[in-house]
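With the numbering used here applied, the sequence shown corresponds to residues 1 to 261, in that order.
I should point out that these hints are in silico values taken from the structure, not numbers from a laboratory.
Don't be surprised by glycine CBs; every beta carbon is placed ideally from N, CA and C.
Hints may contain errors.
Pair by pair, the computed Cβ-Cβ distance ranges are [said to hold, decoys possible]:
(1) Asp185 - Arg149: 23 to 31 Å
(2) Glu119 - Ala226: 25 to 33 Å
(3) Pro211 - Arg11: 32 to 40 Å
(4) Ala203 - Arg11: 19 to 27 Å
(5) Gln19 - Leu65: 43 to 51 Å
(6) Met243 - Leu65: 17 to 25 Å
(7) Asp30 - Asp120: 32 to 40 Å
(8) Pro187 - Lys105: 13 to 21 Å
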Amino acid sequence: MNTVTINSSLRPQREALLQHPLYGKLKTIDDLKHFLEGHVYAVWDFMSLLKALQAKLTCTATPWLPVGNPETRYLINEIVLSKETDLDAEGKRQSLFEMYLEAMKACGANTAEIEAFLEDVVTTQNIFVSIRKSSLQEDVKGFLDFTFRVIDQGEPHEIAAAFAFGRGEIIPLSFTGILKALSSDFPEAGLEKLIYYFEHQIAIDINEHSPMAMKMVEELCGTDPAKWRDAQEVALLALEKRMSLWNAIEENMLHHDMASL
Numbered sequence: 001m002n003t004v005t006i007n008s009s010l011r012p013q014r015e016a017l018l019q020h021p022l023y024g025k026l027k028t029i030d031d032l033k034h035f036l037e038g039h040v041y042a043v044w045d046f047m048s049l050l051k052a053l054q055a056k057l058t059c060t061a062t063p064w065l066p067v068g069n070p071e072t073r074y075l076i077n078e079i080v081l082s083k084e085t086d087l088d089a090e091g092k093r094q095s096l097f098e099m100y101l102e103a104m105k106a107c108g109a110n111t112a113e114i115e116a117f118l119e120d121v122v123t124t125q126n127i128f129v130s131i132r133k134s135s136l137q138e139d140v141k142g143f144l145d146f147t148f149r150v151i152d153q154g155e156p157h158e159i160a161a162a163f164a165f166g167r168g169e170i171i172p173l174s175f176t177g178i179l180k181a182l183s184s185d186f187p188e189a190g191l192e193k194l195i196y197y198f199e200h201q202i203a204i205d206i207n208e209h210s211p212m213a214m215k216m217v218e219e220l221c222g223t224d225p226a227k228w229r230d231a232q233e234v235a236l237l238a239l240e241k242r243m244s245l246w247n248a249i250e251e252n253m254l255h256h257d258m259a260s261l
């Protein structure tokens with residue numbers, strides 16, 4: 001087994017995500033705001049997957065010691081460098097998550113819920129408690145719980161599989177077209193930062209980070225059939241949880257539409 005065969009086995013799930021009806025329902029700025037307010041959790045926990053891999057594959061303590069495979073150290077450090085200290089549209093260094101929050105605020109999306117959730121994470125010092133006691137939809141909770149179960153209990157090759165196959169260019173390229181159409185219809189909406197974010201991240205993920213993440217999985221699984229089976233199982237679950245997140249966001253949009261009638 002290899003990353004090509006895993007990707008091939010995941011084609012039905014990937015196609016279902018890329019053709020999810022959610023995209024066709026992003027017709028107004030309010031629709032977009034509701035999408036962003038749900039999707040932001042996937043941006044945040046992506047950063048947690050990233051840092052979990054860095055902690056597993058490199059030395060982040062003192063005294064320093066040469067941990068693991070230099071190839072995987074290089075791959076994860078290169079991705080972290082970009083995702084944790086990228087350049088925003090104005091040339092300012094920011095993490096992927098901070099850039100997303102700024103783009104949300106620029107178009108009027110509500111960031112209070114995610115910010116309150118992160119404050120609770122700091123208070124409880126237990127991500128599972130914070131997820132359980134939050135008022136998030138059950139599918140959003142399930143999405144987050146899966147990510148942090150993989151981080152907490154998974155081996156490096158399993159975390160890498162969730163990172164490589166469950167994220168990356170899952171948001172289709174056509175999403176930037178939706179944003180540009182909304183920006184044209186609502187020029188006052190302040191979507192410039194959001195358009196930059198998605199165009200920039202999609203380009204980097206397709207051209208650089210996705211191939212690097214796949215290489216990381218290959219290095220970590222090597223020639224061990226059991227590890228490859230683990231990677232395939234985690235990858236499938238990651239896509240299923242992303243589908244559940246998309247369903248939750250779509251349900252939330254419908255709820256708000258009904259409430260406004």
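Holds or violated: the 32 to 40 Å window for the beta-carbon distance between Asp30 and Asp120? violated, 27 Å
Take a look at whether the Cβ-Cβ distance between Asp185 and Arg149 falls inside 23 to 31 Å. violated, 41 Å
Could you tell me whether the CB distance from Ala203 to Arg11 stays inside 19 to 27 Å? holds, 23 Å
Met243 and Leu65, beta-carbon distance inside 17 to 25 Å? Cβ of Met243 to Cβ of Leu65: about 41 Å, so the range 17 to 25 Å is violated.
Is 32 to 40 Å a correct range for the gap between the Cβ atoms of Pro211 and Arg11? violated, 18 Å
Note whether the CB distance of Pro187 and Lys105 lies within 13 to 21 Å or breaks it. Holds, at about 18 Å.
Whether the CB-CB distance between Glu119 and Ala226 falls inside 25 to 33 Å: Taking Cβ atoms as reference, Glu119 and Ala226 lie about 40 Å apart, which means the hint is violated.
Starting from the range 43 to 51 Å, see whether the pair Gln19 and Leu65 falls in it by beta-carbon distance. Given a distance of about 47 Å, which is inside 43 to 51 Å, the answer is holds.
Taken one by one, the earlier hints fail for this structure at numbers 1, 2, 3, 6 and 7, listed in ascending order.
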